[in-house]
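Line order of the protein sequences matches chains A and B.
Count the first sequence with our numbering and you get residues 1 to 147, in order.
Count the second sequence with our numbering and you get residues 148 to 333, in order.
Simulated from the structure, these hints should not be mistaken for lab results.
Watch out, some of these pointers could steer you wrong.
Where chain A lies over chain B, by a calculated footprint (3+ residues, C-beta under 8 angstroms) [to be verified]:
(1) 160-172
(2) 218-226
The following label-pair restraints were derived from C-beta to C-beta distances [stated by the list, open to error]:
(3) Pro52/A x Asp204/B: 44 to 50 angstroms
(4) Ala192/B x Asn51/A: 48 to 54 angstroms
(5) Thr53/A x Gly306/B: 15 to 21 angstroms
(6) Asn180/B x Thr9/A: 27 to 33 angstroms
(7) Asp302/B x Thr9/A: 34 to 40 angstroms
(8) Asp185/B x Ser138/A: 17 to 23 angstroms
(9) Trp55/A x Thr308/B: 25 to 31 angstroms
Yeah, the Cβ is synthetic: ideal placement off N, Cα and C, and Gly gets one too.
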Amino acid sequence: MSSFKVVTTIETVGISGNKKDQSWTAVTASLTDVVWSNVQVSTSARIFIWNPTVWPDFTPTAYATLMLVANGTLDVEMGIQVGDAAVEYNSFRLVKDTPMVLGSNAGYYDHASTTDAAFGGTLGTINSIRVDEPGTESVNLVMVMGV
Amino acid sequence: MSSFKVITRVETVDDFGIEASQSWVSETGSLDNVMWVDALITQGATKYVWNPIDWADFKPSSCSKLVMTADGDLDVEMTTHKTPHYIREDTIISVDTYYQGYVYIVPTATVEVIVGVTMTVGDGYSEYNSFRLVEDTPFVLGSNLSYKDHAATTDAAFGGTLDVIGSIMVSEPSTASVNLTMIMSN
Numbered sequence: 001m002s003s004f005k006v007v008t009t010i011e012t013v014g015i016s017g018n019k020k021d022q023s024w025t026a027v028t029a030s031l032t033d034v035v036w037s038n039v040q041v042s043t044s045a046r047i048f049i050w051n052p053t054v055w056p057d058f059t060p061t062a063y064a065t066l067m068l069v070a071n072g073t074l075d076v077e078m079g080i081q082v083g084d085a086a087v088e089y090n091s092f093r094l095v096k097d098t099p100m101v102l103g104s105n106a107g108y109y110d111h112a113s114t115t116d117a118a119f120g121g122t123l124g125t126i127n128s129i130r131v132d133e134p135g136t137e138s139v140n141l142v143m144v145m146g147v
Numbered sequence: 148m149s150s151f152k153v154i155t156r157v158e159t160v161d162d163f164g165i166e167a168s169q170s171w172v173s174e175t176g177s178l179d180n181v182m183w184v185d186a187l188i189t190q191g192a193t194k195y196v197w198n199p200i201d202w203a204d205f206k207p208s209s210c211s212k213l214v215m216t217a218d219g220d221l222d223v224e225m226t227t228h229k230t231p232h233y234i235r236e237d238t239i240i241s242v243d244t245y246y247q248g249y250v251y252i253v254p255t256a257t258v259e260v261i262v263g264v265t266m267t268v269g270d271g272y273s274e275y276n277s278f279r280l281v282e283d284t285p286f287v288l289g290s291n292l293s294y295k296d297h298a299a300t301t302d303a304a305f306g307g308t309l310d311v312i313g314s315i316m317v318s319e320p321s322t323a324s325v326n327l328t329m330i331m332s333n
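In isolation and in its complexed conformation, chain B is listed as follows (with noise of 0.2 angstroms):
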């Protein structure tokens, strides 16, 4: 059994020098297992560092506790609702059903795709969130709840469904190489 920790201290000094502190603890006992991973982000790249649909096996394949942190500044991207869509081989298939995932196929005219490979997409009810990580600034969720299919609705992201963050990808945004570590637990 494991368990995960987190203690947080904010210390601020406003506009007139008065000071303000204030300290929070969480503490989740009871899970599966947590993992450390440190990932080296090269100057410009951009790669997924978890991605357990895509990737078969990958650990944690699910996690109910997320770390973040990096030495320097990278963009982060989670989806939520990531789910894979296979096209097969010798499939028949409608462009227009793909048109919200990664595959982009715009004809000009009638045509016809073969596809001679397997691709994973996201689903047409992935969404995506964003945020810029800054250095020694832990980004750190105790939940992996989020919401999905944004656009089925007027209300913005609470108009959509509650689901999960599926998959995290980064950007280092071409100023240095970047140490990233992260903490997940299921």
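Same shape as in the complex, but just chain A (with noise of 0.2 angstroms):
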């Protein structure tokens, strides 16, 4: 049996000189497997660090829990219900040291049969990631997905 467990902690100064921190403590128990990967993105690459729908055999193939982290600036595409008509796809600016963290899979697909944007879609699976290094240096990146 394996476990997650992300504790997460913001501190910010306003704007008078006023602090305020909180931290938030989850844990994912009762996953089949956890799995660090550790990926180097060249200067100005764009791979797929995940894609088991094109990857056969590739595991894990579903994710529970997952965490995005890099020593230097990413762009991340994830694609939601990758292999259907209506897939759509997220993107998101990692930066430096700031760790993505997601407790779900869940995302919304084929928005564009609907006038509601995402809502107006079917919630589906977020089945891949591709990053892209934006031509500034080699990144590091760590992915940790529990399953």
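Since each chain comes alone in its own frame, lean on the hints to assemble the complex.
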């Protein structure tokens, strides 16, 4: 049995000097496995780091918890329901030492057939991740997947 | 001058019982301001929690750092390249122009449409990011950059154009009311 625990603490100082902080802890137990991956993304490279739909026998084939962190800037693209004609794509910029953590693989696909943007679509599964180094420097990426 | 610091620690145990852990710290100074916002999202509700394009004078008007965390599950929709488009009273428009916005008018024959209000819609290049926020698992962005206009290309999001996230909507998936905390700085 495997587990994934993430503790996040935010500390801020406001414009008038007022300080505030708070921490959150989430533990996901009863996982089948946890996989840590280290990937070097060279300058200007654009590569899939997880694409089980296209890569036969690649494991994990799905995740329950996900953490992405890099030691530089990386753009991240997440395919939602890859393999379906109505696939949709999230995109975010990952900033140095600022992990992106998802406790679910849910996302909406098939937006185009509705009038209500993403929420008018259908709840599907994030099932591919691609990264793009925006031309600055080679970046080391750590990906942790709880299955 | 304001600052924003995020400390993240991940601890895992794999199927062999092997423990692993790592921590990361990121701090940004020289920010104009930082805001903590609490919102109660009632059961089954879908609502904007940040929409400075449509909400005049809403602060912050943009954010370079974002934290979203909740005490229950919430679906999140972030619009990349949120822009208003106003259809004003007595203005004749081409219906086809607006097919990618929020307003769909699908005539089955030639019709005359009289729009008597000012409406706001996204433009044709907006894209919508979506994911599920899980209890006590903050979603942190150190940048508001994201790709718009995927549809014009064949290369998914990266074939689009880099732009900024301009609005956030949440939807409670009909389980229970949820308390949402957002921390935004710019």
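These are the hints, each one checked on the structure:
1. 160-172: Since three or more residues must qualify, the claim that chain A covers the region 160-172 of chain B holds, with 7 doing so at under 8 angstroms.
2. 218-226: Satisfied; 4 residues make the cut.
3. Pro52/A x Asp204/B: 44 to 50 angstroms: holds (46 angstroms)
4. Ala192/B x Asn51/A: 48 to 54 angstroms: violated (35 angstroms)
5. Thr53/A x Gly306/B: 15 to 21 angstroms: Distance hint for Thr53/A, Gly306/B holds at roughly 19 angstroms.
6. Asn180/B x Thr9/A: 27 to 33 angstroms: Cβ of Asn180/B to Cβ of Thr9/A: about 20 angstroms, so the range 27 to 33 angstroms is violated.
7. Asp302/B x Thr9/A: 34 to 40 angstroms: holds (37 angstroms)
8. Asp185/B x Ser138/A: 17 to 23 angstroms: violated (41 angstroms)
9. Trp55/A x Thr308/B: 25 to 31 angstroms: Cβ of Trp55/A to Cβ of Thr308/B: about 29 angstroms, so the range 25 to 31 angstroms holds.
Checked against the numbered hints given earlier, the structure breaks hints 4, 6, 8 and satisfies all the rest.
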